[in-house]
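Asker: Let the hints inform the model, and build the full structure from the sequences given.
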Amino acid sequence: MKPKKIKTTLSPGTYYFSGNEAVAEGAIAAGCLYYGGYPITPSSDIMERISVRFKDIGGTFMQMEDEIASICSVIGAVWAGAKAMTATSGPGFSLMQEGIGYAALTETPMVIVDIQRAGPGTGQATRVASGDLMQAEWGSHGDYQIIALSPWSVQEMYSQTIDAFNLAEIYRVPVFLMGDEAIGHLRERVDIDEEVDVFNRVKKPGEAPFGTEKKDGVPPMPAFGEGEKLLVTGSTHDDRGFRKTDDPSVHSKLVSRINDKILNNRDSITQTESYHLDDAEIIVVSYGFTARSALFAVDELRSEGKRVGLLRLKTIWPFADNKIHKIDKSVKKIFVPEMNRGQVAGEIMKYAKCDVITYNQTDGEIIHPHTIMNELRKLL
Amino acid sequence: MARDLEKYLRPGVQSTPFCPGCGHGILMNLTLRAIDELHLNMDEMLFVSGIGCAAWIPSPNFNADTLHTLHGRAIAFATGAKMFNPKLKTMVISGDGDLTSIGGNHLIHAARRDIDLKVICANNMIYGMTGGQMASTTPEGAYTSTSVDGNPYRPFDLCKLVLGAGGSYVARHSVTQPLSLINAIKKSLTITGFTFIEVLSPCPTQFGRRNRYDSPADMMKILMERCISREEADSFSEDELKDKIITGEFSNG
Numbered sequence: 001m002k003p004k005k006i007k008t009t010l011s012p013g014t015y016y017f018s019g020n021e022a023v024a025e026g027a028i029a030a031g032c033l034y035y036g037g038y039p040i041t042p043s044s045d046i047m048e049r050i051s052v053r054f055k056d057i058g059g060t061f062m063q064m065e066d067e068i069a070s071i072c073s074v075i076g077a078v079w080a081g082a083k084a085m086t087a088t089s090g091p092g093f094s095l096m097q098e099g100i101g102y103a104a105l106t107e108t109p110m111v112i113v114d115i116q117r118a119g120p121g122t123g124q125a126t127r128v129a130s131g132d133l134m135q136a137e138w139g140s141h142g143d144y145q146i147i148a149l150s151p152w153s154v155q156e157m158y159s160q161t162i163d164a165f166n167l168a169e170i171y172r173v174p175v176f177l178m179g180d181e182a183i184g185h186l187r188e189r190v191d192i193d194e195e196v197d198v199f200n201r202v203k204k205p206g207e208a209p210f211g212t213e214k215k216d217g218v219p220p221m222p223a224f225g226e227g228e229k230l231l232v233t234g235s236t237h238d239d240r241g242f243r244k245t246d247d248p249s250v251h252s253k254l255v256s257r258i259n260d261k262i263l264n265n266r267d268s269i270t271q272t273e274s275y276h277l278d279d280a281e282i283i284v285v286s287y288g289f290t291a292r293s294a295l296f297a298v299d300e301l302r303s304e305g306k307r308v309g310l311l312r313l314k315t316i317w318p319f320a321d322n323k324i325h326k327i328d329k330s331v332k333k334i335f336v337p338e339m340n341r342g343q344v345a346g347e348i349m350k351y352a353k354c355d356v357i358t359y360n361q362t363d364g365e366i367i368h369p370h371t372i373m374n375e376l377r378k379l380l
Numbered sequence: 001m002a003r004d005l006e007k008y009l010r011p012g013v014q015s016t017p018f019c020p021g022c023g024h025g026i027l028m029n030l031t032l033r034a035i036d037e038l039h040l041n042m043d044e045m046l047f048v049s050g051i052g053c054a055a056w057i058p059s060p061n062f063n064a065d066t067l068h069t070l071h072g073r074a075i076a077f078a079t080g081a082k083m084f085n086p087k088l089k090t091m092v093i094s095g096d097g098d099l100t101s102i103g104g105n106h107l108i109h110a111a112r113r114d115i116d117l118k119v120i121c122a123n124n125m126i127y128g129m130t131g132g133q134m135a136s137t138t139p140e141g142a143y144t145s146t147s148v149d150g151n152p153y154r155p156f157d158l159c160k161l162v163l164g165a166g167g168s169y170v171a172r173h174s175v176t177q178p179l180s181l182i183n184a185i186k187k188s189l190t191i192t193g194f195t196f197i198e199v200l201s202p203c204p205t206q207f208g209r210r211n212r213y214d215s216p217a218d219m220m221k222i223l224m225e226r227c228i229s230r231e232e233a234d235s236f237s238e239d240e241l242k243d244k245i246i247t248g249e250f251s252n253g
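Chains G and U, in that order, give the protein sequences.
Going by this note's numbering, the first residue of the first sequence is number 1, and it counts up by one from there.
Going by this note's numbering, the first residue of the second sequence is number 1, and it counts up by one from there.
Derived from the structure by calculation, the hints contain no laboratory data.
A hint or two may mislead.
If the Cβ cut is set under 7 Å, some of the chain G residues that face chain U in the computed set are [as the list claims (entries may be wrong)]:
hint	residue
1	Tyr-34
2	Phe-54
3	Thr-60
4	Glu-65
5	Cys-72
6	Leu-95
7	Glu-98
8	Lys-229
9	Leu-230
10	Thr-233
Every residue, glycine too, gets a C-beta built ideally from N, C-alpha and C.
Answerer: Next comes the structure, spelled out in structure tokens:
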């Protein structure tokens, strides 16, 4: 599959955006032409910018009656041929879970942005957390796989939104951009290039839209109105879409394929970044906003000659299990600071060969670089 | 003549899934007759349904684009598809529990926004597929699997509900009034805006056997007797109207 070069609607150059503004611009750059959403702090400014910017580009913006309607309208628009997105936060993300499972089973490409806030419940609407990562992976019932990205800068809020659309189109899967309140409202420099690489879903008229013998496991995807007489259902279906709700082999084949098409391609989907890992005795594994603090702490300790490094997870799901498994035996400890009660640390423990030390902060504040530095000093 | 609607059925579909005596097969027939009489192109139509018996009227049976969605959410899915591609003539066919209870919020908001959706609500006054539980449309006093002493609550008047929310075209007919129903569906398909047709459709399996209807034919007969036109209703006393269901157009676009 090859990308197309698409011109951005913004003039190339340097901009000063908030993370949420950058998400809206990334979506538009990737070709998003439908947005359905409902107001919720701290994600509403994505919808506000989309509602204005869609006027310039002829996109369809719908402010729906709730988050359930938002995600359902997005799925409807995608099957009508759109690239489409919704954005939400905590309670809204919970309301969307049934729709997310429907999108996973019907292999509907779409982007869901979750600007995470402190939960559970209504929690602290204006405060930061990373508490929705397991919900992104397992929030809807049944076995399925999704892709979840974790941006650490406003630049990445832009670029990973484009990545999210591309991954959705390549794998026909819902893709999550797991931002948070801090990165959503941070303002910093964003460089916009003249062109972006964009992938579009494959169309093969007449071919089965819900099954394939191809190795990547991704069937072609037509749209309504193309004369394909599509049969789309959230019930178990055969490769033409006929409901098969009591055939064990059809269910097993479908569920296996929608999981395998992500898991078998995980090495090309899952992205990480390494800092000072070569001779490190202690490795910090971090993601999202916290990785900024982690890099600052690691750089400071390196300048003191301490052998510490950072592995940054740009993709949370599918998990970078190979990268963790390959961490050298000479590494004594892995340190995982998180704005939750250890959601990613638990995954790391499954694959790590050394001790995994956690630091969990759930007070609605970011984890300060000096906090990470102090914790690392205790381990050195 | 007997097979003149076959071209509207998806190849591979063999029989309808409805119980003997169910009104949904009649509604399926009448919907296709309306489409046939208007010479609509099925390639330009999208049928969206939710979960429940009535949601199986279009999916998989109609030979067009069909979207079988989540319980209650058909109108939300349809809104996204229609708003993104206004060329799709989009019809929503689903049941009373689906559209007006779990999906009630989407119904009133689509009516308020006057989204160009053709909604047909097959009202059998009960949750059929899940085993005959009480619905938001179950008559007061009726027996269901969750109201064994009789439903203690009032039912929705669905047409009043949608009228209150601003529906462009609102009508009620029974499957025992086939000509009026075909005409109503045809009219809704020629109006631009939100249209809503409540279709009374008997459920002998779940409603009939719990409420002492001796046979599916009895249910049909009683429905025929109970359904009167708005004009007829004007000459009835309040007492006489008690057991009657008023049918016809409540807003004509």
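Asker: State for each hint whether it applies.
Answerer: A quick look at each hint next to the structure:
Interface hint status for Tyr-34 (chain G): upheld, as the beta-carbon distance to the closest one in chain U is roughly 5 Å, under 7 Å. At about 12 Å, the closest approach between the beta carbon of Phe-54 (chain G) and any beta carbon in chain U exceeds 7 Å, and the interface hint on this residue is violated. The interface hint given for Thr-60 (chain G) is met, as the beta carbon of that residue sits about 5 Å from the closest beta carbon of chain U, less than 7 Å. Satisfaction of the interface hint for Glu-65 (chain G) is found here, the shortest Cβ-Cβ separation to chain U being roughly 4 Å, below the 7 Å cut-off.
Proximity of Cys-72 (chain G) to chain U holds as hinted, the smallest CB-CB distance being about 4 Å (cut-off 7 Å). Using the Cβ-Cβ criterion of 7 Å, the hint placing Leu-95 (chain G) at the interface with chain U is not satisfied: the shortest such distance is roughly 12 Å. For Glu-98 (chain G), the interface hint holds, the least distance from its beta-carbon to any beta-carbon of chain U being 6 Å, beneath 7 Å. Hint status for Lys-229 (chain G): holds, given a least beta-carbon distance of 6 Å to chain U, under 7 Å.
With its C-beta approaching chain U no nearer than about 5 Å, Leu-230 (chain G) sits inside the 7 Å limit, and its interface hint holds. The beta carbon of Thr-233 (chain G) comes within 4 Å of a beta carbon in chain U, closer than 7 Å, and the hint placing it at the interface holds.
Checked against the numbered hints given earlier, this structure breaks hints 2, 6; the rest are met.
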